[in-house]
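Numbered per my numbering, the sequence shown spans residues 1 to 149.
Calculated from the structure, these hints are not laboratory results.
Where is the CB? At the ideal position from N, CA and C, for every residue including glycine.
Careful, some of the hints might be misleading.
Taking CB as the label site, the calculated pair distances span [unchecked claim]:
no.: 1; residue 1: 149; residue 2: 47; range: 34 to 40 Å
no.: 2; residue 1: 129; residue 2: 2; range: 20 to 26 Å
no.: 3; residue 1: 137; residue 2: 103; range: 33 to 39 Å
no.: 4; residue 1: 90; residue 2: 127; range: 19 to 25 Å
no.: 5; residue 1: 137; residue 2: 101; range: 30 to 36 Å
no.: 6; residue 1: 33; residue 2: 128; range: 19 to 25 Å
no.: 7; residue 1: 1; residue 2: 66; range: 19 to 25 Å
no.: 8; residue 1: 58; residue 2: 1; range: 18 to 24 Å
no.: 9; residue 1: 60; residue 2: 104; range: 28 to 34 Å
no.: 10; residue 1: 51; residue 2: 2; range: 18 to 24 Å
no.: 11; residue 1: 58; residue 2: 149; range: 23 to 29 Å
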Amino acid sequence: HFLDSWWVLPLAQGGVLVDVGSGGGFPGLVLLAAEPQRRAAFFEKVEKKRAFLRTAIAALGYVNASVATSTFPPAEWPGPAVFVSRATWAPADWLAHATAVARAGDAVVTQSAAEPPPPAPPGWVRVAVAAHVLPTSGAPRTIARYEKL
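Could you build the full structure based on these sequences and the hints that come with them?
Structure, rendered in structure tokens:
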């Protein structure tokens with residue numbers, strides 16, 4: 001999970017990091033390791049996972065990060081934002097959910113295993129794609145960034 005999360009970093013630049021369905025903090029906590037002063041909002045519906053995220057954020061000194069209760073979509077988020085989510089939905093479903101609520105200036109990042117990244121929905125453009133292979137298993141990974149036109 002760490003390497004999968006780390007590879008997201010180049011495509012998740014700019015704006016507030018919004019990690020939806022944060023779970024154990026992947027990819028959000030890993031991305032903040034590279035940019036500890038970055039603003040970030042973690043949205044997680046399970047209290048036990050929110051407690052872990054709050055503890056990790058405090059222990060790591062991420063003073064600009066917050067944790068909120070949420071199912072998707074969150075009621076509000078700081079913006080402009082870069083939406084990320086790992087393994088909460090299938091990539092095409094995640095892209096549809098995120099782009100339906102994203103505002104002008106926001107971006108959405110998808111992570112795929114063997115399947116290619118989903119096509120951009122109307123009014124959006126896929127601006128970057130990065131492909132990797134896990135060194136331990138040879139499993140393919142694809143990350144894509146989408147922005148509003």
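request  = Could you tell me which of the hints above the structure violates, numbers in ascending order?
outcome  = 11
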